[in-house]
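Build the full structure now, drawing on both the sequences and the hints.
So the sequences go chain by chain: A and H.
Quick note: the first sequence uses numbering that gives the first Met the number 0, first residue 0, plus one each step.
Quick note: the second sequence uses numbering that gives the first Met the number 0, first residue 0, plus one each step.
I should point out that these hints are in silico values taken from the structure, not numbers from a laboratory.
For glycine and all other residues, C-beta sits at the position ideal for the given N, C-alpha and C.
Dumping the calculated BS3-like pairs for lysine-lysine here, alpha-carbon to alpha-carbon at most 27 Å:
#  : chain 1 : residue 1 : chain 2 : residue 2
1  : A       : Lys119    : H       : Lys82
2  : H       : Lys82     : H       : Lys70
3  : A       : Lys121    : A       : Lys96
4  : H       : Lys220    : H       : Lys176
5  : H       : Lys9      : A       : Lys73
6  : A       : Lys73     : H       : Lys61
7  : H       : Lys147    : H       : Lys176
8  : H       : Lys82     : A       : Lys73
9  : A       : Lys121    : H       : Lys82
10 : H       : Lys1      : A       : Lys73
11 : H       : Lys231    : H       : Lys153
Not everything, but these chain H residues come out facing chain A in the computed CB check (under 10 Å):
#  : residue
12 : Met0
13 : Pro3
14 : Ala6
15 : Leu30
16 : Gly33
17 : Gln34
18 : Leu36
19 : Val37
20 : Ser39
21 : Leu50
22 : Asp52
23 : Thr54
24 : Ile105
25 : His186
Below, each chain spelled out in residue letters.
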Amino acid sequence: MEHALDITLTVNGVEVGRRVAPRTHLVDFLRDELGLTGSHIGCEHGVCGACTVRVDGDIVRGCLMLAVQADGCKVETVEGLSDSKELARLQKSFHEKNALQCGFCTPGMLMAAQDLVRQKRKCTREEIREHISGNYCRCTGYQAIVDAIDEVVNG
Amino acid sequence: MKAPSFAYAKPRTLAEALELLARHGEGARILAGGQSLVPSLNMRLSAPEILVDITGLPGLGKIEVTGKSVKVGALVTHAQIEKSADIRRHVPLLAQAVAHIAHAAIRNRGTLGGSLALADPAAEYPACAVALDAVFTIASGRGERRVKATEFFKGLFETDLKAGEILTAAEFPSGGKSAFLELTRRHGDYAIIGLAVHESRFVFFNAGATPVFAVNASKEKSLEKAKAALMKELDPPADLYNTSATKLHLAGVLLERAWNTLSTSH
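Below, the structure written as structure tokens:
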């Protein structure tokens, strides 16, 4: 592996160390090295939001961050937030409101939506739409997704 | 859509970063937030030998209010600007602009310095910097120099930055009336056309290769005359969806909205 570097980071509470090529994106690292395939790869240039993960508490695009940049960071993925039940209310609401069809965008949607939920404030539907404006859904449309987030944020 | 192979270094001091840039010359690219550089690597529009990650450099991530100006470090992220009470109070133009930049996940990583150094003609900060008559600080092995924003943007993705230099901060004047408007197809998209105004400086973006300071329109005292002057001095390039004439019309719409906002605000 050309130019490989050693990195150590915490992923979903577990410390991991690996040797990675600098060109490896964080989302590829999570999927291919750690088998965490919940974060999806859509556009690979920062447009679709399917690869949204949390780094040191803030959501980021997993395809616009290199794994080497996450050295020393605390990374959380949809698997971690699902296991810890942090996403439980959103997951229930997405289910009840039928806010997914193929499900490809759902992990990224949940990560982006939870970022809004964590702000602990009431939001208008317009603000919800703005907050998920960087996450594309190509099958259900956004109405049900906004309904599901609205239920958790304002319910 | 995977980036080509490159080496990576994360220097801990400015001297070390400058040394790396000097050693690798044109083969080195500076990596800050990476929100424009990484997509360009993914699409293989760029193939550097080495990325010099400057996010470990001390002192470049601060917002400092100093008397008549506000100094914003190059590594300050869009999210930091968005959350800063100092920016809202002293440089409201930046506070208004930041909400238009991409999406939350991108604002968490993208930086002020990265946006200015890239000089995308559709980006918000370069136009704000020209409207505010900001001054940039640039470091190199030869020391530090200061450049006015009005002299920094040279062409399409082209700036006054020379190989081996790092943009370290931007200083914005404190106070004054401002307005920021942009038209997009969807929230967070690149602007079809946009306008940053500070005092009586009207600066359009995505209206040319660099931010376009509408000098003649800015001098006029009535809206009608300003619009007439703008129609003569602005010649925005067409894009995939909008003709030059459409964009010019929209520039007039933004001018009118900004004019009305500024003349009714106190």
